[in-house]
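S.K.: Next come the chains, spelled out residue by residue.
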Amino acid sequence: MASERMPVIIEDAILQCHGSIYKERMYLMRRLITGLVLSALCVSYAQAGVVEQQLDNGMKVIVKQDRRAPIAVSQVWYKVGSSYEFGGITGVSHVLEHMMFKGTKNHPPGEFSRIIAANGGDENAFTGRDYTAYFQTMASDRLEVSFELEADRMRNLLLLPEEFAKEVEVVKEERRMRTEDKPQSLTYERFLAGAYESSPNRNPVIGWMADLDSMQVEDLQVWYRKWYAPNNATLVVVGDVEPDKVIALAQRHFGPLKPEQVARPKPRMEPAQRGTKRFTVKVPAKQPYMVLGYKTPVVGKADEAWEPYALEMLAYVLDGGSSARLSNNLIRGSKLAVAADASYSAFSRLPGMLVMDAVPAPDTTVDVVEKALLKEVERFKTELVSEDEMERVRNQIIAAKVYEKDSVFYQAMLLGQLETVGLDWRLADDYVDHLKAVTAEQIRQVAQKYLVEDNLSVAVLEPLPLGDSLVKPVGKGIAHAH
Amino acid sequence: MVFCSGLLLAGWATAAPQIETWQTANGAKVLYVEAPEIEMVDVRIVFDAGSARDGGKQGVTSFTNSLLSEGAGDWNAYQIAERIEGVGAQLETGSLRDMAWVSVRSLTESKALSTTLETLAAVVAEPRFADEDIERQRQSILAGLVQDEQSPGSLGKKRLYQLVFGDHPYAGDPGGSIESVKAITRKDIVATHKRLYVAKNAQVAIVGAVSRQQAESIADRVTSGLEPGQAVPKLPPVRPLQAAVDEQIPFPSTQSHLYIGQPGMRRGDPDYFTLYVGNHILGGSGLVSLLSHEVRQKRGLSYSVYSFFLPMRQIGLFQMGLQTKNDQAGEALQVVRETLKRFIREGPTEKELEAAKQNITGGFPLRIASNGKIVEYLAVIGFYDLPLDYLDSFTDKVTAVTREQVQDAFQRRIDPDRLVRVQVGRITPLAQVSKQSDADSSK
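Chain order of the listed sequences is L and W. Offset between the first sequence (1-based) and the working numbering: plus 1094. Offset between the second sequence (1-based) and the working numbering: plus 5.
So here's chain W without its partners, still in its complex pose (with noise of 0.2 Å):
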């Protein structure tokens, strides 16, 4: 540590990049940066259309989004692809709790990337969700759900979920399960397009060699085709826990997993810089956090191990987790609630909290050096309204935290007694983890 101590914090003003933003003539936000240097461009429509939105018919807002480039306007499956491919662009679509989207890269060549902005265009406002996509997406998202239910990971992570959030729209997997995907129907995908694929639900993101005129008709150019529509209500809030809850899933792997979770904190949350610099002492910074120090550096249990906040819309999920073989897993378990309760308790050290902020402030450039971390960005900062600033602030924030906000922000937010705990493996005696909670946490 000694040598680098000196170099600490110099030259590392690294400029953010400026963000432009405006709206299209049918209300989505834009958010754009120029970066003129590779002869590319990334554009990303976000839409508030994740799952939290399924409205009951769980996992429809998933298999909608991943019908939009089976077949939309005059093309099948194929020849999407085929003009996408073609030109040498790449299409992705994907949704989560709270975000759905459709993204392209494309070369700024005139023929490329025409043709993909008329291909997405198409995709996001005129996906046809003929019956035989519908069936066959049906099949893929099945498959996909029967392999979750042999991966004892897949397993416990969805289970954390239904257990933290109860009746909350976050506590069902975007997926859906297998009865509720069964059950969707064309009318069920057709409105919820109809619903959630508006103009007013939209943000686009550019970051690419285009000027600021370019931008402007590319980003009306895809959401040419979208209604105006109505940005959806607000989610309801997350409600804390109530008590802890143990639960064990018998499955026949050589690991147990552990997942221990809580509602954690909200995008633009008060809190949000001092507990993310928290809990990145606590299990955030990989192999020089509090938690992998203590699980996997002095004892071998584990080779994965982290905490982390996911903030949300609403308040998203704190999370702890680890894989250990499953006569360990109490073991495993104890060790990481000591570390938990005693970062609560006492807050990082002073040595800790420099070391995490010098990691993260000096990590900063790291963050938006290529276009495609700078376009997830604009995405994150247009769909939860954040700041236009927050980029360039970031380090500023960071550098605020103290030791006595993180250590009160902790204890305000995250309560050890009321965790939710899910083990998934062979349960034995030993490692059965409730038997070994002491009082305060258990049931």
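Pulled out of the complex, with its shape left as it was, chain L reads as follows (with noise of 0.2 Å):
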């Protein structure tokens, strides 16, 4: 984080969450990830491993014990989220997740959201790109509650149309808070939508506002019956349990739900780009703000195993900390930014981008802080990253993977996120070893391969008088392209 008194915005992994403000920075990924020491699957409890088991109606189940604290906490993930959707219904998996607590057959709105707090639970749920997923922290003992419910709910919603009218009004209030009247998450949403050309990527994971406008009960009524289903789906339970009463229960409560069928999405990729691709975002502001990415590949994906390894590397050398490069030459060196972030994640279900931001210092210009930019770039092609500067990461990346066992949320997140963007787990394991074997020349190769200027887009905020200007209505800018 270079930036850590005034944090830079990136939003294109925003997770949207139902009840609470849930940021994910892009590169929260790379912290996640550092949090466990499981080799493959292991039936040996006492090591505090990590169980799976697929129950008969396809629902996988992981279960990580961690007696540290006698809680747990249970999530279940659904393969769907924003990269899921098309034109017209963009935000429906994000509007979907905020009606899975208005009501079922079995439980009125609201009552799931009382019995979990009854039980001195902390809930919630978010929408990524590639995920819809719900969590519930409690003591360890309550574990049955969350199960009993979230199956329940799986199956069984409501879907009210009364309630629907009201929740979706509650979502685009959400929508204005977090983008609307954001100008530097304005820019980031349309630099998205203008670089992607087909992938779903390009869509924020809270929907064009016209689409909630437009949205219908019935859109989630086909995308609850096309997605939630127990063979679509995986619970994660890390915390103080023993995994073979985890499982136990989890039959109990999710092996009678029938499987659907449910269809693998259309690949959409991207065509390759041909060519640098820039965007004015005219806001009203006071601060220039300007973000430009590299389309990058991801875990398997890639032309080679390594490559988003080498690249994961590459933004920790610009941006892993205070001794990081942007910190290091353009925040105290230069001085031309008051604020840089570089940022990439290798774990996604579609090819992403490696992106960098900045809030360019007082006396100098937007222009000025992206040819520093793309000079910190240019040099990672030319010159072979220091030994010292690869140590550094690689010691920051083993000691955050212990940092990580402090909580069992994330470490459920890891394994919940690994599985949904259609990896494996077990990945995690391997993270800090992959990450160790990257070399100096593949730093510099990915750079050459990827880090090339006809795969370039760059977008600069051009601030409007706060004053007298109005908020320009949704719909005028450069993403309507359906």
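Keep in mind the hints are simulated off the structure, nothing from the lab. Remember, predicted model here, so these are calculated numbers, not experimental data.
Cut-off 30 Å, straight-line C-alpha distance, at most; resulting in silico cross-link-like pairs (DSS-like, lysine-lysine):
#  : chain 1 : residue 1 : chain 2 : residue 2
1  : L       : LYS1469   : L       : LYS1380
2  : W       : LYS62     : W       : LYS162
3  : L       : LYS1339   : W       : LYS378
4  : W       : LYS62     : L       : LYS1429
5  : L       : LYS1469   : L       : LYS1376
6  : W       : LYS187    : L       : LYS1380
7  : W       : LYS239    : W       : LYS162
8  : W       : LYS199    : L       : LYS1429
9  : L       : LYS1260   : W       : LYS356
10 : W       : LYS162    : L       : LYS1380
11 : L       : LYS1395   : L       : LYS1360
12 : W       : LYS62     : W       : LYS187
13 : W       : LYS346    : L       : LYS1260
14 : L       : LYS1530   : L       : LYS1469
15 : W       : LYS34     : W       : LYS116
16 : L       : LYS1380   : W       : LYS62
17 : W       : LYS303    : L       : LYS1199
18 : L       : LYS1495   : W       : LYS378
19 : W       : LYS303    : L       : LYS1260
20 : W       : LYS116    : L       : LYS1530
21 : W       : LYS356    : L       : LYS1199
22 : L       : LYS1395   : L       : LYS1320
23 : L       : LYS1429   : L       : LYS1469
24 : L       : LYS1429   : W       : LYS192
25 : L       : LYS1395   : L       : LYS1543
26 : W       : LYS239    : W       : LYS378
27 : L       : LYS1371   : L       : LYS1543
28 : L       : LYS1465   : W       : LYS187
29 : W       : LYS187    : L       : LYS1429
30 : W       : LYS162    : L       : LYS1376
31 : W       : LYS162    : W       : LYS187
32 : L       : LYS1320   : W       : LYS303
33 : W       : LYS162    : L       : LYS1260
34 : W       : LYS62     : W       : LYS239
35 : W       : LYS62     : W       : LYS34
36 : L       : LYS1376   : W       : LYS187
37 : W       : LYS356    : W       : LYS346
38 : L       : LYS1495   : L       : LYS1530
39 : W       : LYS116    : L       : LYS1495
From these two lone chains plus the hints, build me the complex, please.
M.R.: Structure follows, in structure tokens:
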């Protein structure tokens, strides 16, 4: 984080969350990924390993024992999110996530949350590009309360029209709060919309306002039937539990649920970019801002298996702390930026971008800052990263892996995320080894191959006066190409 | 609800962490909890050096705090970062109205730990405050303040504090203002550090896989460079509001942000648990709170709606807030006001109180489930001189709260006719909240 005091919001992978603000910076995955000390399927409970079991209806159950505190987190992950959506219904996964709290045949609207609260639980849900997930953290003897309620709403949601009518307005307020009235977020949204041609990554997780305006409860019914089934879900439990008992409990509550025919989404692979793209985003604001990104591969879809890990290392060298290059060269050295970040996520269903953003220092301009960022990129192509820098990144990753044990939530999050984007939770075990194996030469190679002009998109926030300007209505942006 | 009622309050006897305390040779208070499971340690040094101690130079305490890791002892900013990050440790500085702090997290492996502690000791005691670092940091702070000016939420929150706290030191924003930050000199910063970053004004919180003996040596080491100094004098009391205040700040946003506030309670307040439990019901429990029920679930007016007490050394803020599209601002405010008034008049129902207690006491194990959370509790307990059994007695005190006590405490402490209300957004006649107010709460 190059900008401790003034975080630049990167909303690419933002999790739209049901109840409270839950912001996932794009590189969160890099930090999250470091929580585990496990090897393959392990039935020896004494080692606090991970146990995996598939129920007969296709639902996957992953359990990790962590006895440090008498609590457990339970998360249900569905393989659906904004990257499954298409024109006209953007945001439907997230609105459905909100409606999952609005009543089933067995529990009237709001009762889910009341029961969890009465059991001392923390609960919430979040939607990303590749997943929609629901979680409860409670004293570990309350696990059955979660299972009973989650199993119920997996198949028995009511989707009452009068509840939908109110909740979609709540979501629009959420969009106004997170995006419409935040100049940097708005710029970032338009950046993604312009940078991608056909990839669903071009759509915001929360959806376009016009799509929210025209959304019908029937759209949600279709979406719910299509994706909410045990064979499209993963249950992850981490905490003070006995794995065999958790699996038996899961079998009791989720086992009877009927599977569905779940069609995989169309690939919608992004075509090769043919030249730099540039966008200007005019917003009432006081501060300029710029963001740029290069199209990059992800784990499982790269020419060479090591490439995504080399890109991870490259992102760390740029922005793995205050000693990393962006802080040291742009914020302290040349003083061209007051904030600068780099981020990359190796673990997504679809290829994404390596993104950098910056707020220029008051006496400089976005053009100058852009040149400085591009110079940092060029340096990777001509100069090998020093062993000192490589070693520092490795030490940070190894330590972060220890620190992640302090949170059962993050440990569960990591397992669920890897599984749900179509990879394997065991990748978590090998993550540190994969990064440690990256050489300086490999970093140079991925820079030369992917961080090239024809792969580049740049968006610049051009501040309009705040005083007399009116916020432009949604729908004027570059993003409405459907 | 039915199926879980038999389980309530059974088997929740979670032991709170055992806190040990002592003083370093130069007079800093230490609070320590042993957490042997993970080979890491958290150390947080807290100073009574928040913006309440700005002393007329608004923003000087946070400016000073932010410079600590930008150069200290033998090292410049890069060298400090390189030392910390090179051993996989993390260092964070921060400051609010009461507290300023520096915290680290490190592996307990000896090279990592010793490098981290040596750096932390220099950062708190020997910051360089080089002119170049000051100017760079000034630009960063100013950029943050400019960013606040394009955020209706930041504008509203700052104004709320000014109107609630008037001439009390809590009124100013910890970051200062553009004018005040421009005027701060190196001399101001050096003097601030000398006055506030002293042992008698410091508490050290330690949680991790270290023994008591190791913890004593850690505490000595990180405070060794601090002058004993003097504890700072008491802050003046916060005065109650004399009348309601309504203020509209025009802003070209799609939503209006509403901030409503009044002086609330302090740390160690005799009404602390009563108001805490009461507020949990009113607006402190997320989706199941009364405010959320009325504003969000029933009417779909806002994504986020809340109330909270921020207990401080002196009386801190009681705040309610929400964001809604501009033309609904009047309606939303009306709902919040009615909900608050009804709550004060009638208090919670037995059922609401019981549900709140179940949530708070049942959720207690979650509050202390990580080293990161425990070290924050230690810092608060140490800083505010709370009893060491604060965590042990927490659930009992919550359980003892009665319906009548909540009603009585809210009636004594919150006056719905003397609230500060700040609205930031497009002020249309329809949205203008003051015009919709009835006589009892207008200016």
